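2 protein chains.
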Amino acid sequence: MADRLEQSKALSSETRIAILDWLRRPEHFLHQETGDPHEIGVCVTLITEKLDMAQPTVSRHLELLRRAEFLSVRKIGRWAFFKRNEVGISDYKEWLNEHL
Amino acid sequence: MADRLEQSKALSSETRIAILDWLRRPEHFLHQETGDPHEIGVCVTLITEKLDMAQPTVSRHLELLRRAEFLSVRKIGRWAFFKRNEVGISDYKEWLNEHL
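In order, the protein sequence lines correspond to chains A and B. Just so we're aligned, residue 1 is where the first sequence starts under the UniProt record's numbering, counting upward by one. Just so we're aligned, residue 1 is where the second sequence starts under the UniProt record's numbering, counting upward by one.
For reference, chain A alone in the conformation it holds in the complex (with noise of 0.2 Å):
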């Protein structure tokens, strides 16, 4: 089972819920060169474009949400791709809409 806690605690940064808005429409992302972002998700290089910070911060924060499973993410060569992880985020709300 995810950590409920931690899971929470990956919801708690404005950031981090704005990341998982965007990539439940990867078309925001289509100009990507590597693959079909509905697919193979969306590559780390873009989504620091979108949230213009430093990549390190961005890193962190995909870290965070797919140690929650609310992310997965793929490597393909020396890049790294994050998808919406849909039956994480399913399995915690329906946690919380039991619990809370």
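Take the hints with a grain of salt, since some may be wrong.
Unchecked claim - These stretches of chain A come out as covered by chain B in the derived footprint (C-beta under 8 Å, 3 or more residues):
#1 33-46
#2 56-64
Unchecked claim - Straight-line Cα separation of at most 30 Å, DSSO-like style, residue types lysine-lysine; simulated pairs:
#3 A:Lys-50 to B:Lys-9
#4 A:Lys-50 to A:Lys-93
#5 A:Lys-93 to A:Lys-83
#6 A:Lys-83 to B:Lys-50
#7 A:Lys-93 to B:Lys-75
Unchecked claim - Which chain A residues stay away from chain B? Per the calculated CB distances, all over 12 Å, these:
#8 Glu-6
#9 Ala-10
#10 Leu-20
#11 Gly-77
#12 Trp-79
#13 Leu-100
For the record, the hints were derived by calculation from the structure and aren't laboratory data. Here the structure is a predicted model, which is why all the values come from computation and not from measurement. Beta carbons are placed, not taken as given, at the ideal position from N, Cα and C, and that holds for glycine.
With the hints as your guide, set chain B onto chain A.
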């Protein structure tokens, strides 16, 4: 509107999740002398006993939950009584179900 980030953060503590859970069944605290815990809420003293923590720590947790609109507080004399704010809790759930 409640601060959604503050609300998410309020849920990132095992202690605060436990408090919300106990207050769902205030009969845990029926030995309270001042009044029916279902009606007026549960006195900080009893919540502190149950948690077996220092009162300032417990008060800080309760204050975070109150600011997140998950608890409401009622003061009677020198005592503070907390109960679940079901409207605030449902409101957060609805937001989360819609936006996550």
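Check of the region 56-64 of chain A against chain B for coverage (Cβ-Cβ below 8 Å, three residues minimum) | The restraint on the region 56-64 of chain A is violated, since only 0 of its residues have a Cβ under 8 Å from chain B and three are required.
Looking at Gly-77 (chain A) again, its CB stays over 12 Å from all of chain B?
-> holds, 31 Å
Confirm or reject the statement that Ala-10 (chain A) sits farther than 12 Å, beta carbon to beta carbon, from all of chain B.
-> violated, 8 Å
Quick one: work out the minimum CB distance from Glu-6 (chain A) to chain B and report holds if it exceeds 12 Å, violated otherwise.
-> At about 8 Å from chain B, Glu-6 (chain A) fails to clear the 12 Å cut-off, so the statement is violated.
Given the hinted pair Lys-83 (chain A) and Lys-50 (chain B), is their alpha-carbon gap at most 30 Å?
-> Measuring from Cα to Cα gives roughly 42 Å; hence the hint is violated.
Minimum Cβ separation between Leu-100 (chain A) and chain B greater than 12 Å?
-> The claim breaks: Leu-100 (chain A) does not keep its Cβ more than 12 Å from every Cβ of chain B (closest is about 6 Å).
For the pair we were handed, Lys-50 (chain A) and Lys-9 (chain B), check the Cα-Cα distance against 30 Å.
-> holds, 25 Å
Could you grab the alpha-carbon distance between Lys-93 (chain A) and Lys-75 (chain B) and see if it respects the 30 Å cut-off?
-> violated, 34 Å
Lys-93 (chain A) paired with Lys-83 (chain A) [C-alpha distance capped at 30 Å] | Given that 30 Å is the threshold and the Cα spacing comes to 18 Å, the pair holds.
Taking C-beta pairs only, is Leu-20 (chain A) more than 12 Å away from all of chain B?
-> violated, 7 Å
Coverage of the region 33-46 of chain A by chain B, judged on three or more residues with CB within 8 Å | Coverage by chain B is violated here, the residue count being 0 at a Cβ distance below 8 Å.
Grab the minimum beta-carbon distance between Trp-79 (chain A) and chain B and tell me whether it stays above 12 Å.
-> holds, 26 Å
Hint compliance for this structure: hints 1, 2, 6, 7, 8, 9, 10, 13 are not met, and every other hint is.
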